[in-house]
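Student: Here are the chains, one letter per residue:
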Amino acid sequence: MSFHLILFLAFGAVCVGGAVNLLAQRHPINSALSLIAVMAALAGEYLLLGAEFVAAVQVIVYAGAIMVLFVFVIMLLNAGEEEETKGSRIAILIGVPGMLIASVLMAWVVLRRSGTESVEIGALPGPPTDIAQLLFHNFLLPFEVTSVLILIAIMGAVVLASKPESRSGKVD
Amino acid sequence: MVPLSYYLLLSGFLFACGVVGFLIKRNIITIFMSIELMLNGVNLSFVAFAAHWHALSGQVFVFFVMVVAAAEAAVGLAIIISVYRTRETLNVDQVNLLKL
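Chains A and B are the protein sequences, given in the same order. Just so you know, the first sequence maps onto residues 1 to 172 in the numbering used here. Just so you know, the second sequence maps onto residues 1 to 100 in the numbering used here.
Only chain B is shown next, with the shape it has when bound in the complex (with noise of 0.2 angstroms):
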């Protein structure tokens, strides 16, 4: 038996990581990964809390962020990849223009 507060702080952590990765980090694909570890800590409050009222729909809700986070991966590293050919570079802090 484990508290349901233990997951919600587990899952409160790795969603303080991924705040703190996405400020600290300058390399483009460590700050998107720092973005799927917020997506991950959510999810484990969303099933901590869906075995805890015994219902599914938090189950089905991850599954739709699990969606989500695919197509937001398919398409960020796309933009990441067209970002790297225009620029010849992945640091965060030389990519301040929109245009070239």
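Only chain A is shown next, with the shape it has when bound in the complex (with noise of 0.2 angstroms):
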């Protein structure tokens, strides 16, 4: 077994592991930290994957910034543990088990298809200058895209998160 097999394995079940306790905690602000250890986990997956400028994306941008959101609002809300319904409890029978046949069905296809095909380690040189040639000549038009929808999404949440009253007050 190889070193890299070795560090694909370890960060995989970090993300499994973290990804079930996810689904089996009840207080949400468990399952945040669940998910940033899953995102962190993913960061090093990338780096096995010789995407070093997307690892470093990943923990800046999702396991800061996204997760950092979510926590704050957990505690903003003060959101407490939840509790079971009715709905709930036939989600979890329906939802499992399909769950379970999806993940066979899908390992089954993946394997069988994907033969013995590698990734190696270091394969892909994807140094930040080559991402940046790309993000700024070839996908420039898409890049400048986002930044608009940046902007719409911060004013959406501004509207969206500020006081009813207040909101009335400035359209009249």
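No wet-lab data here; the hints were simulated from the structure. Yeah, the Cβ is synthetic: ideal placement off N, Cα and C, and Gly gets one too. Check before you lean on any hint, since a few could be wrong.
To be verified - Computed Cβ-Cβ distance ranges for the label pairs, DEER-style:
| # | chain 1 | residue 1 | chain 2 | residue 2 | range |
| --- | --- | --- | --- | --- | --- |
| 1 | A | L93 | B | W53 | 38 to 44 angstroms |
| 2 | B | E88 | A | I94 | 27 to 33 angstroms |
| 3 | B | Q94 | A | P164 | 17 to 23 angstroms |
| 4 | B | V42 | A | L7 | 19 to 25 angstroms |
| 5 | B | L97 | A | L9 | 31 to 37 angstroms |
| 6 | B | V42 | A | H4 | 21 to 27 angstroms |
| 7 | A | E165 | B | W53 | 52 to 58 angstroms |
| 8 | B | L97 | A | P127 | 51 to 57 angstroms |
| 9 | A | P97 | B | W53 | 42 to 48 angstroms |
| 10 | A | L33 | B | T89 | 19 to 25 angstroms |
As the list claims (entries may be wrong) - Partner residues are not named here, just some residues of chain B that face chain A (Cβ under 8 angstroms, in silico):
| # | residue |
| --- | --- |
| 11 | I24 |
| 12 | T30 |
| 13 | L44 |
| 14 | M66 |
| 15 | A70 |
| 16 | A71 |
| 17 | L77 |
| 18 | I81 |
| 19 | R87 |
| 20 | D93 |
| 21 | L97 |
Said to hold, decoys possible - Where chain B lies over chain A, by a calculated footprint (3+ residues, C-beta under 8 angstroms):
| # | region |
| --- | --- |
| 22 | 22 to 34 |
| 23 | 55 to 62 |
| 24 | 90 to 98 |
Hints given; two lone chains; assemble the complex.
Tutor: Set out below in structure tokens:
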């Protein structure tokens, strides 16, 4: 067993454990912390694939910014443990077997169709300069469009999260 | 050397966990986190295919997915806050009317 495969399995185990823990926990803050573990382990997987830039962005943007937003909202709203309802029990009865069937089918198809082609470590020279070359040449228009999207999202978040009275006051 | 299919299996498992969380969770914030988990699973398969085909465009696309996820998180959490203000609950079973 190569060192690369051992690292893959270690990060993969953290990913799988975190994802299952996200489903098992009842309190949202525990789910959020396990999601942070999943994202950090995924950054390790990206490093194994030679994608350093993506790994760094994953830690900074996902595990940093987005999850801080989540934890902040959980604490702001004082979210407690979720209570079981009739709907959630039916969803567990249908959802968990459905997921197992889907996973087994997917594993069967993937393992059967793709043979032994391997991804070598460092096979992809993906330094940030090459990514920047693509991002600011070939994908310049999508890049600029996403900046407009972010601007719209900022304005939408400010409008939605502002107090209803102050919002109606501005309209009048 | 790790086969490409292992990465695809991991990404598929993460996506499936996200779908199950979306279905069985009743807390609106946890449902939102399940969506992020699905996006992460898809990102992993993007990077794995990018490494496999020696095409950097896959990594650039992951960047765009992250931008969309950030925008979605900002707007979605703002919506959650305004829903909580009007209804005083985070349980999606009790949020069944568009207008109070």
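Student: All hints are to be evaluated individually against the structure, with a verdict given for each.
Tutor: Cross-check of the supplied hints:
no. : hint                               : verdict
1   : L93/A x W53/B: 38 to 44 angstroms  : 41 angstroms, holds
2   : E88/B x I94/A: 27 to 33 angstroms  : 29 angstroms, holds
3   : Q94/B x P164/A: 17 to 23 angstroms : 20 angstroms, holds
4   : V42/B x L7/A: 19 to 25 angstroms   : 22 angstroms, holds
5   : L97/B x L9/A: 31 to 37 angstroms   : 48 angstroms, violated
6   : V42/B x H4/A: 21 to 27 angstroms   : 23 angstroms, holds
7   : E165/A x W53/B: 52 to 58 angstroms : 55 angstroms, holds
8   : L97/B x P127/A: 51 to 57 angstroms : 52 angstroms, holds
9   : P97/A x W53/B: 42 to 48 angstroms  : 35 angstroms, violated
10  : L33/A x T89/B: 19 to 25 angstroms  : 23 angstroms, holds
11  : I24                                : 5 angstroms, holds
12  : T30                                : 5 angstroms, holds
13  : L44                                : 6 angstroms, holds
14  : M66                                : 5 angstroms, holds
15  : A70                                : 6 angstroms, holds
16  : A71                                : 4 angstroms, holds
17  : L77                                : 5 angstroms, holds
18  : I81                                : 5 angstroms, holds
19  : R87                                : 11 angstroms, violated
20  : D93                                : 5 angstroms, holds
21  : L97                                : 16 angstroms, violated
22  : 22 to 34                           : holds (count 5)
23  : 55 to 62                           : holds (count 4)
24  : 90 to 98                           : holds (count 6)
In this structure, the earlier hints numbered 5, 9, 19, 21 are contradicted, and the remaining ones agree with it.
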